[in-house]
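Asks: Sequence:
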Amino acid sequence: MKTILITKIEADIHYVLSNTLSAHDYTIVELPSNHSVLEEILRLEPDLLVLDSHELDLCSSIRQRRLTLPIIFLGSATNARLIVQALDRGADDYVIYPWAIGELAARIRAKLRLGRRSTQIMEEPHCFTSRDGYLSLNVFRHEVLVDGHLVQLTRTAFAILQILMTNAEKVLTHRMLLQQVWGDEYGEEIEYVRVYIRHIRLKVEEDPSHPCYILTEPGVGYVFRSSPRKKLNK
12 MKTILITKIE ADIHYVLSNT LSAHDYTIVE LPSNHSVLEE ILRLEPDLLV
62 LDSHELDLCS SIRQRRLTLP IIFLGSATNA RLIVQALDRG ADDYVIYPWA
112 IGELAARIRA KLRLGRRSTQ IMEEPHCFTS RDGYLSLNVF RHEVLVDGHL
162 VQLTRTAFAI LQILMTNAEK VLTHRMLLQQ VWGDEYGEEI EYVRVYIRHI
212 RLKVEEDPSH PCYILTEPGV GYVFRSSPRK KLNK
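Heads up: the sequence shown begins at 12 in our numbering, then just goes up one per residue.
The set of hints was computed from the structure by calculation and includes no laboratory data. Mixed in with the good hints there might be a few duds.
Beta-carbon label-pair distances, calculated as ranges [to be verified]:
#1 H221 <-> L55: 42 to 48 Å
#2 R77 <-> P219: 30 to 36 Å
#3 E154 <-> L55: 22 to 28 Å
#4 G159 <-> R124: 30 to 36 Å
#5 S33 <-> S238: 31 to 37 Å
#6 V157 <-> T227: 16 to 22 Å
#7 D68 <-> T140: 35 to 41 Å
#8 G159 <-> A117: 39 to 45 Å
Glycine included, every Cβ here is placed at the ideal spot set by N, Cα and C.
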């Protein structure tokens with residue numbers, strides 16, 4: 012049974028959330044606001060964390076500790092800027108209250124599947140390398156090397172890069188990336204993909220503002236170039 016850690020959620024949302032998750036056979040651990048969430052994550056090793064929409068700094072601290080558990084933010088109002096900020100800090104999803112019970116449960120299932128999904132996207136080969144040897148990804152080790160140096164990616168960012176490298180030279184639409192990484196329930200949350208692509212570029216591109224590996228196809232999606240034209244022309 013999967014364990015979900017809930018902390019610092021508005022009271023009215025907290026009640027509905029607890030009932031919703033318990034009804035879907037999840038083990039729910041609720042933390043008072045005075046508890047150290049980081050300590051409890053290390054102690055309990057939960058499968059997923061639910062945070063209030065204003066806990067951006069806490070999300071950043073979790074990711075800085077290189078903890079990769081899925082994080083879902085809950086908010087009571089539609090705020091595009093806040094959603095982007097949450098994703099920038101390392102959140103995997105942002106769900107707006109009130110939600111349909113089925114939708115919330117589906118999104119949680121999608122997050123819990125991600126770890127398994129990322130290693131099942133393609134069983135062979137398990138290692139992908141750009142033709143110039145600058146960038147490599149090892150699925151089994153969950154490692155990304157950039158010019159021989161190990162870089163840290165969140166579970167979601169790793170899954171996106173894996174899909175792009177698996178389908179090198181093929182243009183993947185926003186919807187394809189959303190559904191392969193987040194799940195079939197997704198398709199319109201294009202900003203999710205944009206935020207994570209920006210993070211990946213910061214990690215793997217020599218010049219993130221002028222990428223040569225992960226390129227944008229305007230209005231369509233993204234493509235991974237295994238033989239970057241800019242480098243070939245140097």
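Asks: Each hint: holds or not?
Replies: Evaluated hints:
1. For the pair H221 and L55, the supplied restraint of 42 to 48 Å holds, since their beta-carbon distance comes to about 43 Å.
2. For the pair R77 and P219, the beta carbons lie near 21 Å from each other, so the given range of 30 to 36 Å is not met.
3. At roughly 26 Å, the beta-carbon separation of E154 and L55 lies within the given 22 to 28 Å, and the hint holds.
4. For the pair G159 and R124, the supplied restraint of 30 to 36 Å holds, since their beta-carbon distance comes to about 32 Å.
5. Our hint of 31 to 37 Å for S33 and S238 is violated, since their Cβ atoms are close to 52 Å apart.
6. Judged by the Cβ atoms, the range 16 to 22 Å given for V157 and T227 holds: they are separated by roughly 20 Å.
7. A beta carbon spacing of about 37 Å between D68 and T140 agrees with the range 35 to 41 Å that was offered as a hint.
8. A hinted range of 39 to 45 Å for the beta carbons of G159 and A117 is consistent with their spacing of about 41 Å.
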